[in-house]
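Enquirer: In case you want the letters, here they are:
There are 2 protein chains.
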Amino acid sequence: MSAGDGKAPLTVGIAGLGTVGSGTLRALAANAEALALRCGRPIRVVAVSARDRGKDRGLDLSGCRWLDDPLALAADPEVEVVVELIGGSDGPAKALVEAALQAGKPVVTANKALLAHHGTALAQLAEAKGVGLCYEAAVAGGIPVIGLLRDGLAGNRVQRVAGILNGTCNYILTTMRESGREFADVLAEAQALGYAEADPSFDIDGVDAAHKLAILTALAFGCAVDFEAVRVEGIRDIAALDIGFAEELGLRIKLLGVATAEAEGVAQRVEPVMVPLGNPLAAVEGVFNAVLAKGDFVGTIMAEGAGAGERPTASAVVADLAAIARGYRRPVFGVPAAALTRARPVPAEGQIGAYYLRLMVIDRPGVIAEVAAALRDEEISVEALLQRGRAPGEIVPVVITTHETTEGRMRRAVARIDALEACLESPRLIRIEGE
Amino acid sequence: MSAGDGKAPLTVGIAGLGTVGSGTLRALAANAEALALRCGRPIRVVAVSARDRGKDRGLDLSGCRWLDDPLALAADPEVEVVVELIGGSDGPAKALVEAALQAGKPVVTANKALLAHHGTALAQLAEAKGVGLCYEAAVAGGIPVIGLLRDGLAGNRVQRVAGILNGTCNYILTTMRESGREFADVLAEAQALGYAEADPSFDIDGVDAAHKLAILTALAFGCAVDFEAVRVEGIRDIAALDIGFAEELGLRIKLLGVATAEAEGVAQRVEPVMVPLGNPLAAVEGVFNAVLAKGDFVGTIMAEGAGAGERPTASAVVADLAAIARGYRRPVFGVPAAALTRARPVPAEGQIGAYYLRLMVIDRPGVIAEVAAALRDEEISVEALLQRGRAPGEIVPVVITTHETTEGRMRRAVARIDALEACLESPRLIRIEGE
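Read top to bottom, the protein sequences are chains W and Z.
Positions in the first sequence are counted from 1; adding 482 to them yields the working numbering.
Positions in the second sequence are counted from 1; adding 482 to them yields the working numbering.
Some hints could be false.
What the hints assert, rightly or not - Simulated crosslink set (DSS-like; lysine-lysine; CA at most 25 Å straight-line):
(1) Z:576 x Z:611
(2) Z:611 x W:489
(3) Z:611 x W:611
(4) W:611 x W:576
Said to hold, decoys possible - If you only want the chain W side, here are some residues facing chain Z, beta carbon under 7 Å, derived:
(5) 489
(6) 630
(7) 745
(8) 779
(9) 781
(10) 783
(11) 788
(12) 790
(13) 797
Source of the hints: derived by calculation from the structure; they are not laboratory data.
For every residue, glycine included, the Cβ atom is placed at its ideal position computed from N, Cα and C.
Excised from the complex, chain W in its bound form (with noise of 0.2 Å):
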């Protein structure tokens, strides 16, 4: 039996030939046969449109016709499923994506700024239309992790998802880790060999680990996508100091993505956060993607793997197109669009955690006595208290480790603490994450 014999192919418009363009053409030529044996029928890219036509991507377009305009895509009888792999929120993109399902095309994406800040509205128009709108390739590269939510997760009420997902911030702060090294030094490293952009702040700031929070919680909670809800806190302030506390403490610091169902609402959260040894997030290391989630069936999942690069993400790119090749059909976030609630968001002063609070303190009698009082006085409860060296009159790092508090408690003793004459830099605070 051949592969997908007689059955007309998918015919497919690709709007982007970077990195993650090229890889999806590649996919689909590299297991062009096992592909149309999967879906019964092939997959066929008849159009592309890019910015320059005449660059060399290694890749053979004679196959298919080549579109200036990227907008044509949408428009071409030929053309039935548009993917776009542009980027940017709003612009060509939007445009593109608007298009192609408004002429009822269904449109794989891996575009997650649009998606952050536009996905409600165009899972309302994919489905007025009837056709789908798929991102498996937004959210942590190549881990297939909108599928194991939306379709593996089915039977689970989701009560949480945490994720690594930012690859260049993870790499990073695994660098810092195994060399000692601070933030600064490390990032240049970085940009030298590529794993860190130019302009670094998107990644480094937290702004795209955001854009994927705010897409897994619209589908973990089926509530509408809230972008502006995601508090978010980068890793530009992470000292090699910190970092070699939470060793000791048999914590690593990861820049993790957290969204949680609350009696309250939901919150969103993406910031440094200190991971057990034994919370599975703390062994994924380098330039590696996680995202973890727990349901109130299954219990905890962790999914990990390439979270970025033309390939990973060219195979959720593929996924995807396999699943219109099958004419499966699912709500974009995992329940109708017209029935995504806006979540209200939690305010920060009621969420609930554990601390670690690094001070340095004039080395003398009394200063511990302070802090411990501030500490106290909201009723926070001390696990642990670290004072490496002794240094009567000079400036030592103390550093220490609560109970679960709130956030609002911990803020206000934090403020009184550095406030005290022997506090001589702004404390250090940083959320500890469970097992």
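Assemble chain Z onto chain W, guided by the hints.
Expert: Frame of chain W, contents of chain Z only:
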């Protein structure tokens, strides 16, 4: 908007109300509204069948009919989908699945033994009748690894699948490592705690893991299910001594199921293996399961979670029901059953691996030279040699790790070493997995 309003429910009949059956009923009840939203229609259990009608399972069965004969579910005109949770590779489970498919009803099953022995024939029957045969719950419990391979990696040529597929074995090995105790002792405790069966051989001799691996192999490589081709070795012979040496070497002993696509065919093995700490499988401890897959585009990805238990396994059963309710149809083993090729099993002789070899030898001059000569004559290169303690004239353990060689060479060298006068016990040989 309310859940699946007005849409006809998907009607389900469940055979078997043990742990998984009870969990499935509980999951469908607990998350009924979310499921109806996600699937566009409610999922309703209309009939059940189990051995003991009088038993109190803590379930409300008032909404569904009780059938004494599970086979009656296949014939019941009100039942659209049959869920088989009876278990066993033959007998009533097989009869029911065949009858349901024959009647044109999709089947959901958690029965790995059934699929390992009759998977190809059942897939042919299901596809001939144009209905689905779903088995997410048959492998790795709650981890949606079937969906991950079939949908998530659809764009890949899979080269390798490796998994910790039996929670009982992983629990025993983890406890042995943490406590330093011997196998028999830890097994007895696991039995007392209910983590191991009264007759544990199905788990500890690797049969259960081999059933699951045979299924994963078919799905990953698009070949016919071939349980007979799985080489199986269990964990009865693992000694605390070897677990200790592994720890010293930065390795951890796991019962792994590994399937690889090679030039000559497909190799399937279930055996205790030493896994380097840098391999994510090494960090999967206790009763947890994990599956790692390597594809030509996605690279290496791993999913981990609860591999058994009422609620996780129910989560997987419900995921299959949700896919059926949404109308998703895929070939049972990824490609049409008619296209499943009979893969040639790769002979053990030629399989490549690095090895751990532990000898009990008399501590006297010349012994190591004799051992080294046996290895050299088979062109096996030694990576490390460890002798713990010195005790002239007494028995001491000697550990050797090798670089990659063929299993044939290694076994010939071991036979020669075993025959040495100074070698007082049969050498212990364990393969070392890559990073």
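Enquirer: Is the shortest C-beta separation between residue 781 of chain W and chain Z less than 7 Å?
Expert: At 5 Å from the nearest chain Z Cβ, residue 781 of chain W passes the 7 Å test, so the hint holds.
Enquirer: Less than 7 Å between beta-carbons is the criterion; does residue 790 of chain W satisfy it with respect to chain Z?
Expert: violated (11 Å)
Enquirer: What's the verdict on residue 611 of chain Z and residue 611 of chain W, does the C-alpha distance respect the 25 Å limit or exceed it?
Expert: violated (32 Å)
Enquirer: Residue 783 of chain W was flagged as interface toward chain Z. Is the shortest Cβ-Cβ separation under 7 Å?
Expert: holds (3 Å)
Enquirer: Double-check residue 745 of chain W for me: the hint is only fine if its C-beta lies closer than 7 Å to a C-beta in chain Z.
Expert: violated (17 Å)
Enquirer: Do the numbers back the hint for residue 779 of chain W, that is, is its least Cβ distance to chain Z under 7 Å?
Expert: holds (4 Å)
Enquirer: Classify the hint on residue 630 of chain W as holds or violated, based on whether any CB of chain Z lies nearer than 7 Å to its CB.
Expert: holds (6 Å)
Enquirer: Given the hinted pair residue 576 of chain Z and residue 611 of chain Z, is their alpha-carbon gap at most 25 Å?
Expert: Distance of about 17 Å is within 25 Å: holds.
Enquirer: Identify whether the interface hint at residue 797 of chain W stands, where standing means a beta carbon of chain Z within less than 7 Å of its own.
Expert: holds (4 Å)
Enquirer: Can the restraint linking residue 611 of chain W and residue 576 of chain W be considered satisfied, given a maximum Cα separation of 25 Å?
Expert: Holds, at about 17 Å.
Enquirer: Checking one constraint from the list: CA of residue 611 of chain Z to CA of residue 489 of chain W, max 25 Å. Satisfied?
Expert: holds (20 Å)
Enquirer: Taking the closest Cβ pair, is residue 788 of chain W under 7 Å from chain Z?
Expert: Cβ of residue 788 of chain W sits 5 Å from chain Z, so the hint holds.
The structure shown violates the earlier hints numbered 3, 5, 7, 12.
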